[in-house]
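Asker: Chain by chain, the residues:
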Amino acid sequence: MSVHLVLFLAFGAVCVAGAVNLLAQTHPINSALSLIAVMAALAGEYLLLGAEFVAAVQVIVYAGAIMVLFVFVIMLLNAGVEEHTQGSRVAILFGIPGVLLGSILVAWVVLQHSGTESVAAGALKGDPVTIGQLLFHQFLLPFEITSVLILIAIMGAVVLASKPPTSPATAPARKVD
Amino acid sequence: MTSSLNLWLIPILPLAGAAINGLLGKKSSRTAVSVIGLFFPGAAFAWALSVAWRVSSADLPYTEYIAHWLRYGKLGVPGAFTADFTLYLDQLSLIMLLVVTGVGFLIHIYSVGYMWDDPSYYRFFAYLNLFMFFMLTLVLASNYLVMFIGWEGVGLASYLLIGFWFTKDSAASAGKKAFIVNRIGDFGFLIALFLIIQHFGSLDFTKVFAQVQPIAPETAGAGLLTAIGILLMVGACGKSAQIPLYVWLPDAMEGPTPVSALIHAATMVTAGVYMVSRSHTIFERAPMALTVVAVIGTLTALFAATIGITQTDIKKVLAYSTISQLGYMFMACGVGAFSAGIFHLMTHAFFKGLLFLAAGSVIHAVGGEQDMRKMGGLRSYIPWTFLTMGIATLAISGIPPFAGFWSKDEILWQAYSSPHGSWVFWLIGVITAFLTSFYMFRLLFLTFFGDYHGAQVDEHGHGHGTHADSDHGHGEPHESPMVMLVPLMILALLSTIGGLVGIGNRFQHFLDPVFGAGAVAETAAETASHTTELLLMGISVVIAFLGAWLAYVLYLSKPYLPQKIADGLNGFYTAVLNKYYVDELYSKLFVKPLIDGSTSILWQGVDRKVIDDTVNNAADGAREISNEARQMQSGNLRSYAGWIAAGSAVVIAYMIWMGVR
Amino acid sequence: MVPLSYYLVLSGFLFACGVTGFLIKRNIITIFMSIELMLNGVNLSFVAFAAHWHSLAGQVFVFFVMVVAAAEAAVGLAIIIAVYRTRETLNVDQVNLLKL
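Respectively, the protein sequence lines represent chains L, B and R.
So the number in the numbering used here is just where the residue sits in the first sequence, counting from 1, plus 897.
So the number in the numbering used here is just where the residue sits in the second sequence, counting from 1, plus 67.
So the number in the numbering used here is just where the residue sits in the third sequence, counting from 1, plus 87.
It should be emphasised that the hints constitute simulated quantities derived from the structure, not laboratory data.
What you were told as hints is all true, and nothing was included just to trick you.
No more than 25 Å apart at the CA atoms, straight line, and that leaves these computed lysine to any residue pairs for SDA-like: (1) Lys1022(L) x Ser132(R); (2) Lys1022(L) x Ala144(R); (3) Lys1022(L) x Leu91(R); (4) Lys625(B) x Gly444(B); (5) Lys1022(L) x Tyr93(R).
Model, not experiment: these values are computed from the prediction.
Generate coordinates for the entire structure from the input sequences, incorporating the hints supplied.
Answerer: Spelled out as structure tokens, the structure:
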């Protein structure tokens, strides 16, 4: 019973609890908060695996920015408790069994084929310097493309979320100066 | 061997005329159409004459290969079959050729006058030339298959020409009737051809007959040759209007009179006789088939003659007369006297063609009326027509020295004396001759003697006929133009002297190279008593005069008598007047069940239930399935997600399975 | 020493929870969060494998996943806002104009 295993189980329990809570809660804000908890626990898991940079980015970007965005939107839209509407029978009928089947299959494969390998704590040191070198040498192209992607996302989000013009008549014609 | 006779020109020239008139005639003037319509058959006739002039008996039979057609299998290997476009000339086809082109050409000339006022003038000549092409193909064919082309083609031309005024219901129906009844006969013909192919491996005349020659006659019973013979006769019954397939010929009188003259008197209906004569080798070795032919011919001759004596429409009388005379020809063939049959064919073409053309002239004169009771006394109005028609009547009645006497008498003599013949055939033949003479003279007297009972034609020139011919304003019957009279006169001349070639059996000897092996009939006849022959000849002449005298009594001197006789024989008379109700019988037995069966089974059952429903149900099924399928497109996000989850689970399972394997 | 399979099972569990949330939740934002949960599960799997195979490429890939998730979250939430403006509801069952 090494410390590694104990810590893994602890963080894992938090993840699991957070995930299940996300499903169980009816108000979206509660779900959002459980998701934050999941992400925090995941950051811990990453640390256990030696991925320092990723863990830090997880907390800063994922939990700190994306989830905050989610919370802002929930509050903006004044989302309330979920109503009970007639859902899709198909989703329940086919989807849940499908998920169950898929996960059982994957779990079975995983447990069958990877029984004895183990990962040491901090096995691979993923410090910022090494990651950065990889990013700017090997993965330069994807890096640049993702920056373009972010730019597009920003523009898209601004356009989509902006208030529509009140009426076509009042839209002023552009004068060329 | 002399140089090529270029026989192919003879059928092709009328075909060219048909094509030109058919394609370009609508926009051309009447004169142009007439010139084309006359030039090509005339050229064919001229070429036929030149062939007849150039060829000598030593050159015949002459075969001319035109083109390759069907070649199946390797030559010499059993099961191989060849049929090519080849033309064949021997004495028999030479006579037929001259008759068809000669009489045909005269009728074309006549048609120029008769059809002048018809709006579809060009179409008439196109069809008429087309008919000539097919008939000549039939006559010149060197194998049964090319003959069959001509056989079917003349049926087609007959349909087109009978239904020439197709806007008239009765004409259109008559055309259909002719074609369908012909087809029934053709079915028998085809089966016979199949049998010939199966057993003799070829349809070529020379090859088939060479194989048939050594076969002994089937006297013990019915065999292959009997079957072939009877089936060929079935085909001939259809084409040549014998019992039981004669019903189309009286209806065919709906067509213009030149059509009746050419097709239903002189040429097409004689195709059956030609075909039977051509196949004489087969028939001579199948005595039962010969008997069948003779019996059918004799019965038809008598049967049609009895109907002919009651008819009032001038063309119907002539139609039944044609059926009856064709019966004579088949009687001749049936007793083995093929050359006598052909002789009568030739003379019949002359006088029957003349009778029809003259009848057309009469109809033209009285402005379209065809009912003889409304005619009468026309001899002072249309003397030339009267003269020519009188000659034809004398010919058909068998009064010497006109053409009909020689040929009909030859048939009667052969019927009596031939080994295949019997006095029964002779007796029925004589009775029929009496009836023939009677009804022909009845026709003559009703039409040309007595007082004119016709409706006074008004200024517009419309008589009471319903035919689209001769509608120029005239107040009283008038003679036909020269263009119509000249063919009448030429045919009258031929009807007078045409029979003289039979004196001393010259005609028969001419045809000996063709019927040589079948000359059994002739030699038997010649060795039999010459006195008997003269005696029988005398009897038939006396009978002919008796018939004429009886007609005179009943229709000229005591015109009240026919009505009294008719009343006396009331039921029987009505039956005969209504053609023994044969058409009604056929309608009940065959036509109505066929139509009913077709409606209930084929239309309601197969067409509606099976075919339509299959298509409709397929469409409905597609609609149902797509109705179900489109439930998937609910617009609901979660159901899409559900499907994705399920689908990906399937894919994962599959990949694991593949990995595990 | 934690066996690799433990990490993978945890990752799979998180992913399955994400899919289930996607299927049973009615609020569009909650559905979106389930998607994020799925992505997180996958991230964990990437990092675990990177440690197993001693290759930092896995961690770099996690980095990219996060970037894409961020972009996607931004745009997705903007769309949700736009839809909310017209439909006045966050219930995904009522946004079914694409129904045939």
